[in-house]
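Protein chains: 2
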Amino acid sequence: MSTQFIQANADYVANFGDKGSLALPPAKKLIVVTCMDARLDPAAHLGIKEGDAHVIRNAGGSAKDALRSIIISQRLLGTREIAVFHHTGCGMLTFSSNDLRSIVKEANPGNATVASQVDSIDFLEFGHLEDSVKADVGFLHESPLVLKETHVTGWVYEVETGKIRQIV
Amino acid sequence: MSTQFIQANADYVANFGDKGSLALPPAKKLIVVTCMDARLDPAAHLGIKEGDAHVIRNAGGSAKDALRSIIISQRLLGTREIAVFHHTGCGMLTFSSNDLRSIVKEANPGNATVASQVDSIDFLEFGHLEDSVKADVGFLHESPLVLKETHVTGWVYEVETGKIRQIV
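Chains X and P supply the protein sequences, listed in that same order.
When the count follows our numbering, it moves up by one through the first sequence with no breaks and lands on 168 for the last residue.
When the count follows our numbering, it moves up by one through the second sequence with no breaks and lands on 168 for the last residue.
Keep in mind that the hints were calculated from the coordinates and are not lab data.
Where hints are given, some of them may not hold.
Identical chains blur together in the list; that is why a pair holds if it fits in one copy or across any two.
Pairs of lysine to aspartate or glutamate, DMTMM-like flavour, derived with a Cα cap of 25 Å [what the hints assert, rightly or not]: (1) K163 <-> E142; (2) K49 <-> E106; (3) K148 <-> E50; (4) K163 <-> E50; (5) K19 <-> E50; (6) K105 <-> E81.
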């Protein structure tokens, strides 16, 4: 991919404008947490411009997995709003942590290091989309490491249509 | 932000085209790991289109923090290449985990739960940009949970110019 990155990047640099003067703290004091899914382009489907918001992405759009980043964002860079997005057709609805641990262990038979490391990981899968959004919003409200005054919203993105809908 | 999201999303939906038929597995079998920094729009500066790649973002673009997501991506969704991007002007160069733990504890005086929870978090800051990229690439090569055949590259994104440069 290196050649493709460099070609695409040359176009971006040619139209960079005055973005080099953007400040480090997000202008909208906003964090977006969403999934790593390849079909999602959150900047495009939410209208987020460079400088606006911290964007945290991981498998599922897990708020729990994002906690380290959220603490840094809030305490050092002044964000005060968090929008959590999960999406239809998410891979996290399709497996269990035990399934995935078995796949990894079967690919490394007899490897005790692999078994021990993978058994220690909670893959944070979920069984119901809307409930998973509510649970993540609840986690952020309840965590004593998240600022109490944080405005938290929860959303679903529809990969079939590109539409967003607010759940919480 | 809800109103702004909904307005911007309406434009995206109006131009959604045939993206509703994109497959779940990333077409380029690629994972991009990069920072949550507000000044970064990886889809734009790397030319990543919807459907191409998993994009994992966290504070610093930490490969270690991304491991859960990387395992899911490789074992369940077939990715075989990882590109790690860190960037100039990163907040992770400006503090220590102990500094941040003190900030959180001082905001919650006498709260043993907060102290215990925040003391358990490694905030994964780094002291040197290029070295942090090399260290993350090394982590991915050495982790027994990452597939051996993975092609791993390491890059720096320059917030001052929009340019990327390959380190590893």
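Here is how each hint holds up against the structure:
1. With identical chains, the CA atoms of K163 and E142 are never at most 25 Å apart, being 29 Å at best within one copy and 40 Å at best between copies.
2. Taking CA atoms no more than 25 Å apart as the test, K49 paired with E106 passes in neither setting, with 44 Å inside one copy and 34 Å between copies.
3. Taking CA atoms no more than 25 Å apart as the test, K148 paired with E50 passes in neither setting, with 27 Å inside one copy and 35 Å between copies.
4. With identical chains, the CA atoms of K163 and E50 are at most 25 Å apart both within one copy (22 Å) and between copies (14 Å).
5. Taking identical chains as interchangeable, the C-alpha atoms of K19 and E50 lie at most 25 Å apart whether they share a chain (7 Å) or sit on different chains (24 Å).
6. For the identical chains of this complex, K105 and E81 are inter-copy neighbours only, at 21 Å across copies versus 40 Å inside a copy, given an alpha-carbon limit of 25 Å.
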